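Novice: Residue strings, one per chain:
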Amino acid sequence: EPEVTQTPSHQVTQMGQEVILRCVPISNHLYFYWYRQILGQKVEFLVSFYNNEISEKSEIFDDQFSVERPDGSNFTLKIRSTKLEDSAMYFCASREEFRGPYNEQFFGPGTRLTVL
Amino acid sequence: TQLLEQSPQFLSIQEGENLTVYCNSSSVFSSLQWYRQEPGEGPVLLVTVVTGGEVKKLKRLTFQFGDARKDSSLHITAAQPGDTGLYLCAGAKWGNTDKLIFGTGTRLQVFP
Numbered sequence: 680e681p682e683v684t685q686t687p688s689h690q691v692t693q694m695g696q697e698v699i700l701r702c703v704p705i706s707n708h709l710y711f712y713w714y715r716q717i718l719g720q721k722v723e724f725l726v727s728f729y730n731n732e733i734s735e736k737s738e739i740f741d742d743q744f745s746v747e748r749p750d751g752s753n754f755t756l757k758i759r760s761t762k763l764e765d766s767a768m769y770f771c772a773s774r775e776e777f778r779g780p781y782n783e784q785f786f787g788p789g790t791r792l793t794v795l
Numbered sequence: 036t037q038l039l040e041q042s043p044q045f046l047s048i049q050e051g052e053n054l055t056v057y058c059n060s061s062s063v064f065s066s067l068q069w070y071r072q073e074p075g076e077g078p079v080l081l082v083t084v085v086t087g088g089e090v091k092k093l094k095r096l097t098f099q100f101g102d103a104r105k106d107s108s109l110h111i112t113a114a115q116p117g118d119t120g121l122y123l124c125a126g127a128k129w130g131n132t133d134k135l136i137f138g139t140g141t142r143l144q145v146f147p
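Line by line, the protein sequences are chains A and B. With positions in the first sequence counted from 1, the corresponding number in our numbering is that position plus 679. With positions in the second sequence counted from 1, the corresponding number in our numbering is that position plus 35.
None of these hints come from the bench; they were simulated from the model. Be a bit skeptical, because a hint or two may be false.
[As the list claims (entries may be wrong)] Residues of chain B placed beyond 12 Å of chain A at every Cβ, according to the derived structure: (1) Y57; (2) S61; (3) Q68; (4) Q72; (5) T86; (6) G88; (7) R95; (8) D102; (9) S108; (10) D118; (11) A125; (12) G126.
[Said to hold, decoys possible] Below, in silico cross-link-like pairs of lysine to aspartate or glutamate (EDC-like), each with a Cα-Cα straight-line distance of 20 Å or less: (13) A:K721 with B:E73; (14) B:K92 with A:E783; (15) A:K721 with B:E50; (16) A:K757 with A:E783; (17) A:K736 with A:E747; (18) A:K721 with B:E76.
[Stated by the list, open to error] Reference listing, derived: stretches of chain B covered by chain A, where coverage requires no fewer than 3 residues with Cβ under 8 Å from a Cβ of chain A: (19) 46-53; (20) 74-83.
Computed from a predicted model, the values in this text were never measured in an experiment. Yeah, the Cβ is synthetic: ideal placement off N, Cα and C, and Gly gets one too.
Model the full assembly from the supplied sequences, consistent with the hints where possible.
Specialist: Shown next as structure tokens:
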């Protein structure tokens with residue numbers, strides 16, 4: 680069964696360093712998302728991406744964050760200068776073509792980012 | 036601010052018992068998803084409901100969307116240890132946004 684994959688599974692970095700989290704969405708999906716989950720808290724929306732551009736972003740997604748689909752398969756989240764509060768699980772999700780109210784997003788296993 | 040509140044927050048039961056988890060909001064959603072999440076893993080989609088009053092069954096799990104599309108419930112019949120996990124509801128409004136708004140989660144522990 681097709682699934683969303685993410686690498687690395689765990690990333691440890693020093694505060695101020697740049698990190699790139701990678702995702703391979705399900706192959707025929709057209710909508711891509713990043714969410715994050717700080718330990719013990721809710722899953723929070725970061726950004727949605729469609730047709731090679733950002734369609735929506737949350738207040739969390741400031742100038743330090745960027746997303747890219749560099750080729751036909753990868754979808755990346757870059758954090759330019761990491762802060763301690765960026766430590767969280769980051770989930771990539773994807774969805775197939777627009778089907779009205781059906782908004783079935785499929786999630787990857789996540790990348791645990793630890794900023795020291 | 037759109038919020039989805041789940042109750043109870045924690046639930047510990049014996050194998051064979053029935054349980055219901057609630058997901059409530061003051062906002063109307065066009066769809067509501069239920070996910071299950073294991074520790075250190077991503078949410079796994081269980082079901083999507085889109086019509087007010089809709090009921091969907093997945094083996095021993097029964098999902099219902101409220102008539103006004105502001106709330107939902109998950110009922111598990113004869114719970115088993117394999118049902119243990121974090122259950123999340125997530126609402127969406129299609130149109131100008133398709134982000135998922137996640138609930139606060141219900142952590143279920145089923146003891147043999």
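Novice: Confirm or reject each hint.
Specialist: Cross-check of the supplied hints:
{"no.": "1", "hint": "Y57", "in the structure": "16 Å, holds"}
{"no.": "2", "hint": "S61", "in the structure": "17 Å, holds"}
{"no.": "3", "hint": "Q68", "in the structure": "7 Å, violated"}
{"no.": "4", "hint": "Q72", "in the structure": "8 Å, violated"}
{"no.": "5", "hint": "T86", "in the structure": "9 Å, violated"}
{"no.": "6", "hint": "G88", "in the structure": "14 Å, holds"}
{"no.": "7", "hint": "R95", "in the structure": "21 Å, holds"}
{"no.": "8", "hint": "D102", "in the structure": "16 Å, holds"}
{"no.": "9", "hint": "S108", "in the structure": "19 Å, holds"}
{"no.": "10", "hint": "D118", "in the structure": "20 Å, holds"}
{"no.": "11", "hint": "A125", "in the structure": "8 Å, violated"}
{"no.": "12", "hint": "G126", "in the structure": "9 Å, violated"}
{"no.": "13", "hint": "A:K721 with B:E73", "in the structure": "14 Å, holds"}
{"no.": "14", "hint": "B:K92 with A:E783", "in the structure": "17 Å, holds"}
{"no.": "15", "hint": "A:K721 with B:E50", "in the structure": "27 Å, violated"}
{"no.": "16", "hint": "A:K757 with A:E783", "in the structure": "25 Å, violated"}
{"no.": "17", "hint": "A:K736 with A:E747", "in the structure": "14 Å, holds"}
{"no.": "18", "hint": "A:K721 with B:E76", "in the structure": "14 Å, holds"}
{"no.": "19", "hint": "46-53", "in the structure": "violated (count 0)"}
{"no.": "20", "hint": "74-83", "in the structure": "holds (count 7)"}
Going down the numbered hints, you'll see the structure goes against 3, 4, 5, 11, 12, 15, 16, 19, while the others check out.
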